[in-house]
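Visitor: For the sequence shown, full-length UniProt numbering gives the first residue as 1, with consecutive numbering after it.
Don't take each hint at face value.
Claimed, not checked - Dumping the calculated DSS-like pairs for lysine-lysine here, alpha-carbon to alpha-carbon at most 27 Å:
| id | residue 1 | residue 2 |
| --- | --- | --- |
| 1 | K584 | K509 |
| 2 | K610 | K1156 |
| 3 | K1156 | K1097 |
| 4 | K518 | K506 |
What the hints assert, rightly or not - Simulated DEER-style distance windows between Cβ atoms:
| id | residue 1 | residue 2 | range |
| --- | --- | --- | --- |
| 5 | W133 | L878 | 54 to 60 Å |
| 6 | I220 | L743 | 36 to 42 Å |
| 7 | S20 | L970 | 37 to 43 Å |
| 8 | L342 | F143 | 33 to 39 Å |
These are computed hints drawn from the structure, not numbers from a lab. Predicted model only: the values in this text are computed from it and were never measured. Glycine is no exception: its CB is placed at the ideal position from the N, C-alpha and C atoms.
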Amino acid sequence: MQPVFQNAKSNPLQNANLCSRIFFWWLNPLFRIGHQRRLEEDDMYSVLPEDRSKVLGEQLQGYWDKEVLKAEKEDRTPSLTKAIVKCYWKSYLLLGLFTLFEESTKVVQPIFLGKIIEYFEDYDPSDTVALNWAYGYAAALSFCTLFLAILHHLYFYHVQCAGMKLRVAMCHMIYRKALRLSNTAMVKTTTGQIVNLLSNDVNKFDQVTIFLHFLWAGPIQAIAVTALLWLEIGVSCLAGMVVLLILLPLQSCFGRLFSSLRSQTAAFTDVRIRTMNEVIMGIRIIKMYAWEKPFADLIAQLRKNEINKILKSSYLRGINLASFFVASKIIVFVTFTTYVLLGNAITASRVFVAVTLYGAVRLTVTLFFPAAVEKMSETRVSIKRIKQFLLLDEIPHTGIQAQLDEKALVHVQDFTSYWDKTLEVPTLQNLSFTVRPRELLAVVGPVGSGKSSLLCAVLGELPRLEGLVTVKGRIAYVSQQPWVFSGTVRSNILFGKSYEKERYNKVIKACALKKDLKLLEDGDLTLIGDRGTTLSGGQKARINLARAVYQDADIYLLDDPLSAVDGEVGRHLFEHCICQTLHKKVTILVTHQLQYLQAASQILILKEGKVVEKGTYTEFQKSGVDFGSFLKKEDEETEQFQVPEVPLLRNRSFSESSMWSQHSSLHSFREGLAEQGMEDIHIAIDEESRSEGFIGLKSYQKYFSAGANCFIIVLLILLNILAQVSYVLQDWWLSYWANEQSLLNVTVDEIKGNETRKLDLNWYLGNYAGLTAVTVLFGIMRSILVFYVLVNASQNLHNRMFESILRAPVLFFDRNPIGRILNRFSKDIGHLDDLLPLTFLDFIQTFLQVIGVIAVAVAVIPWIILPLIPLAIIFTFLRRYFLETSRDVKRLESTTRSPVFSHLSSSLQGLWTIRAYRAEQRLQELFDAHQDLHSEAWFLFLTTSRWFAVRLDAICAIFVIVIAFGSLILAQTLNAGQVGLALSYALTLMGMFQWGVRQSAEVENMMISVERVIEYTNIENEAPWESKKPPPAAWPHEGVIIFDNVNFAYSVDGPVILKHLTVLIKSREKVGIVGRTGAGKSSLIAALFRLSEPGGKILIDNILTTEIGLHDLRKKMSIIPQEPVLFTGTMRKNLDPFDEYTDEELWNALKEVQLKETIEDLPGKMDTELAEAGSNFSVGQRQLVCLARAILRKNRILIIDEATANVDPRTDELIQKTIREKFDQCTVLTIAHRLNTIIDSDKIMAYFRRNYPEVTQNGYVTNNSNERPSHPVVFETAL
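Start from the sequences and build out the full structure, keeping to the hints where you can.
Guide: So, in structure tokens, the structure goes:
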């Protein structure tokens, strides 16, 4: 396996000095690079040694293992939370000191502000002592401001790193667990669920660590502020604190609601992602069946359910944010209303000290504290989900090792076992056999007889009920459904072993891969995708075999490796690979190729999990055993696999695609000529696109227009403006009131001595109350409307993206790995649903408040604009400089995330293979390497944000210092109210301005997700589904197909697969298509179905296929595909997604394919939900469902694409018989794998050489001479 990345740059943080660490100077070189050019992966710094995935994961795993053992002793459920706390409490507790210092400084700051305002209230130009004290207070205020600016960001950086460490450790543990899951555990989870744990649940750890300390800091700060306010305004302060105390239980109530909504949303998201996974995996079939619409409806319904929950939680979030926006206003209103009603006159110093103190506590109590409660409740749900996963059953460690002093051996005695204990009949029953070195055991039997389960028993995958399995030696396993991972062909074969040229070449030769590697552009260094999309099925099968042979193990378990290849290659593999290369090994071969049985040392015939015969080929011949007889049941019914009531996920999906090749009466013929899979279409997997530069206004416009119409957008803008105006007016009214009161007091003092006159309380208090109510109302309305518009945009963009994906040509899915497409639907849509609306609203509120603050400050003290202009210029420059790098870092983070998911998906698909080779450790290391690469990007994302924020806050601190000292210098021209308003506003501006700028950058970063989604809404589409001039309803009536000079390639720049093909297929003609792999057989079907647009003309009943809609064309042809695909959902939906047929028609179709009884035995009959990918049916049964679909469609044209390659002869015979009877009046095209399948065809199209098929009539080929060679010659040449 290849390393994921080369040695990255060393991390400059390791050698940075204290100043550099505080101000993040060590990042300067990176920003310079980002300013000059686009950042690449090579520019990222390596992960710090203590942050490596392996280190963190093993550390937490250790604590978790201890907790599990302790829980077992104490007979309780293990607590994942306890393990996390024990692992991280020391380092995290230390960060609590940061919080303590920061919050203490925030409480002390208003005291210095009050002292400065008092100096202005008692202003005496001749009092130099008071002036010096005032300068001292100004210096103290400045120090507090600077101290806060630095400390705040250091704290946030460290807690975010703590969150990253926890997330990385948890991902390591989840992947480690996934590799160890037992097959019974796999029933309880799905790939979608595990991907969701890795993409969404673990992200909660990134967020919760930030706010957790505020759970204790919030209440302590509130008590300190109350004490200071008591000294300032007496008992009135309690009224404000009561409001705060009412807000707190309200927040925890919100937290509980969030928690339950989060659980429900996660469940809906799981189902949606699982279904998306199935759709992407089965897209080729969906297109050929023209089933895009029912799947669009299904996903739309799932998404609707999910969005309903997201909207509810978003509205709660909106009210939460609005409560933060208006909380201080309500508190100040209640406090001063009480204060004046108790008969006190308000003064500027009291107003501004109280406002600043409430401002200090507001952030903590109304934002950080509820955020901590909300994130805690969400994290508890995630921890619970992860814990449930981590507690699933693991595969028992069999501890099979190579015994150097002992000979290799497989000994099975009286073995009985169940895949699912709820079933009455065991999977395997009383199985006994022994295989020694130099022995080949051939295992044969019909579909569902337990052949693959036998191999699983040897592997230790099948849980043992009774009996004994002894395995001595190292195992190599070849799965029936070949598994390849992302990497080169060579890395797939070496699978972690060192490269030895001579041995490697021998393996390549033995596995018949030499020719194939020559055809590949880069030979064995060709990169293949996470599903091996650039290879044909046969090539994948041989790479799988080569991987096993190269391992040089002691024991070889081969699960039907010959069914995926054509006859000649099959014989080569058997003779050169199995009989020669592996002749000294212990070999167990599951096969259906009866012609090879005589080479076996022993033959085991299985039926319904029992051994019906055991012995050598000679013994069977002497006793007159007829192998074929074991395939037939007494009542001549099709072999049926009992379907459990609980859908099993994996018991069939890897292995049961089996086929039984019977001896044809013409046994001298070459068996099977077609090889599974596409031709050698080598499609390069593109690097994931990464847009550059600024996020265009067009993206914003598309985003908002997806969420609402123009009227709603205008309403939204107006609401935002009104909310902010009322917010500012409320503050201004309070300061105006205080000024009027002080002016009145001064006048009264001058005229009548000490008599105090009161203002008209009803007028001032009434206006104040009205403004407060309006502020609260607009604040809440604005929040809810923003969430409504943005969540709606997410819903619509998701639907457009999905529709676009459905309309994309097949080539798109070959070029883009599943992980990449799923990433758009999981992570990016997750951002649009969850984080982006929240960040957007936060940005809008903060931005408008900054504008409001500056407007008021300039109105009060016009000269504030002088320092504002240069500061604004610096801000603008800094922001642009920061975004150049930040955007690239965020994009790198997105693209380095995809391989983590792809690797997980791929590993789950090849789980048995990985475990058989004991390669868990290697795969874990590869996963850790992918994680470390992502951590490099994430680390830069965190640190670059802090670099920016520290600089912004430092500039704001300078602004505060200028105002503090400037007001003292200009003391003669200012009054206390003006100074109080200017300074208190400057202090709020300090935190708020940098937050607003950072949030604007955050919005831009998050808009990358919108950009990525919009990119997928604009994929190049296939031709329209319906045409304006549809063909007649009865078309095609005859089923005549004409290929007229057809050229076909899968992409514009790809190789031409079919060249100048001209063929006439008459009405009701049966045509067999044979030829060597890569000759272009499957491309013929692709051209017919227009999976890519063909050149030349294809006419069906004189109608040009390119002139009608794709659905008009595809609905009129039936296909029985090579790999049968069932989807999660009911059997009814799998047969009839459009609800076009009656129950009677559906039951009749099932009866025709002899599946009626099997379906009737299901608990809900046709309405029973199938397991993921229909994996509780054997492959043979799934193939019969595909045949039932074809029977229902009653089309004039039927295409069979090697459909019988994976079924036993009974099922094959049934399919052939049904086709002969039911499709007698149809034109039938059969890509054949067995001779008896095409022997009675009217015509045979034999691909003698690539691109040029030759058509033979009535079973003979006419060549240039006048001879008429027999069938075998045809096939010799074709091969």
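Visitor: Does each hint fit the structure? Answer for all of them.
Guide: Okay, the hints, checked on the actual structure:
1. Proximity of K584 to K509 is assessed by CA-CA distance (about 18 Å); at most 27 Å being required, the pair is judged to hold.
2. Proximity of K610 to K1156 is assessed by CA-CA distance (about 25 Å); at most 27 Å being required, the pair is judged to hold.
3. Between K1156 and K1097 the alpha-carbon distance is near 42 Å, which puts this suggested pair outside the 27 Å criterion.
4. A threshold of 27 Å between alpha carbons decides the hint, and for K518 with K506 the separation of about 16 Å falls inside it, so the pair holds.
5. For the pair W133 and L878, the supplied restraint of 54 to 60 Å is violated, since their beta-carbon distance comes to about 36 Å.
6. Between I220 and L743, the C-beta spacing of about 40 Å keeps the proposed range 36 to 42 Å intact.
7. For the hinted restraint 37 to 43 Å between S20 and L970, the CB-CB distance of approximately 38 Å keeps it satisfied.
8. With their beta carbons about 36 Å apart, L342 and F143 fall inside the hinted range of 33 to 39 Å.
Checked against the numbered hints given earlier, this structure breaks hints 3 and 5; the rest are met.
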